[in-house]
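> Sequence:
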Amino acid sequence: MSTQLITVTRENGLEECLRLMEKNNIYHLLVLDESGLSLGMISVQDVFRMVASDEKARADLLESWAFASF
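Quick note: the sequence shown uses our numbering, first residue 17, plus one each step.
For the record, the hints were derived by calculation from the structure and aren't laboratory data. Hints may contain errors.
[As the list claims (entries may be wrong)] Pair by pair, the computed Cβ-Cβ distance ranges are:
#: 1; residue 1: D76; residue 2: L46; range: 32 to 42 Å
#: 2; residue 1: E50; residue 2: Q20; range: 13 to 23 Å
#: 3; residue 1: R65; residue 2: Q20; range: 20 to 30 Å
#: 4; residue 1: E27; residue 2: R65; range: 18 to 28 Å
#: 5; residue 1: S51; residue 2: Q20; range: 16 to 26 Å
#: 6; residue 1: L78; residue 2: Q20; range: 39 to 49 Å
#: 7; residue 1: D76; residue 2: E32; range: 32 to 42 Å
#: 8; residue 1: Q20; residue 2: A82; range: 42 to 52 Å
#: 9; residue 1: E27; residue 2: A68; range: 20 to 30 Å
#: 10; residue 1: A68; residue 2: N41; range: 19 to 29 Å
The structure displayed is predicted, hence computed values, not measured ones. We treat Cβ as the ideally placed atom computed from N, Cα and C, and that holds for glycine.
Could you build all of it, start to finish, from the sequences and the hints given here?
As structure tokens, this is what we get:
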């Protein structure tokens with residue numbers, strides 16, 4: 017019995033990666049380049065970390081704009 021690997025490329029977005037992980041009940045995806053060679057893996061923790069980092073950056077930008085001294 018063999019298990020099919022679920023893979024993504026650099027072009028797949030974070031939301032799509034999370035959807036694939038949830039749909040397949042997995043926590044890691046293999047990332048391939050255009051020729052099918054392995055570039056590495058992305059984990060659900062990696063995705064959450066990126067989303068949290070992006071949200072923090074947005075909040076910081078909004079705060080700097082909202083409380084700017086004119």
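> If a hint holds in the structure, say so; if it doesn't, say that too.
Structure-based check of each hint:
1. D76 with L46: 32 to 42 Å: Because 33 Å falls inside the window, the suggested range holds.
2. E50 with Q20: 13 to 23 Å: This hint holds: roughly 20 Å between Cβ atoms.
3. R65 with Q20: 20 to 30 Å: Since the Cβ atoms of R65 and Q20 sit about 27 Å apart, the hinted range of 20 to 30 Å holds.
4. E27 with R65: 18 to 28 Å: At roughly 20 Å between Cβ atoms, R65 and E27 fall inside 18 to 28 Å, so the hint holds.
5. S51 with Q20: 16 to 26 Å: Since S51 and Q20 have Cβ atoms about 19 Å apart, the given range 16 to 26 Å holds.
6. L78 with Q20: 39 to 49 Å: For L78 and Q20 the Cβ distance comes to about 43 Å; the hint holds.
7. D76 with E32: 32 to 42 Å: This hint is violated: roughly 26 Å between Cβ atoms.
8. Q20 with A82: 42 to 52 Å: At roughly 49 Å between Cβ atoms, A82 and Q20 fall inside 42 to 52 Å, so the hint holds.
9. E27 with A68: 20 to 30 Å: holds (22 Å)
10. A68 with N41: 19 to 29 Å: Given a distance of about 23 Å, which is inside 19 to 29 Å, the answer is holds.
The structure shown violates just one earlier hint, number 7.
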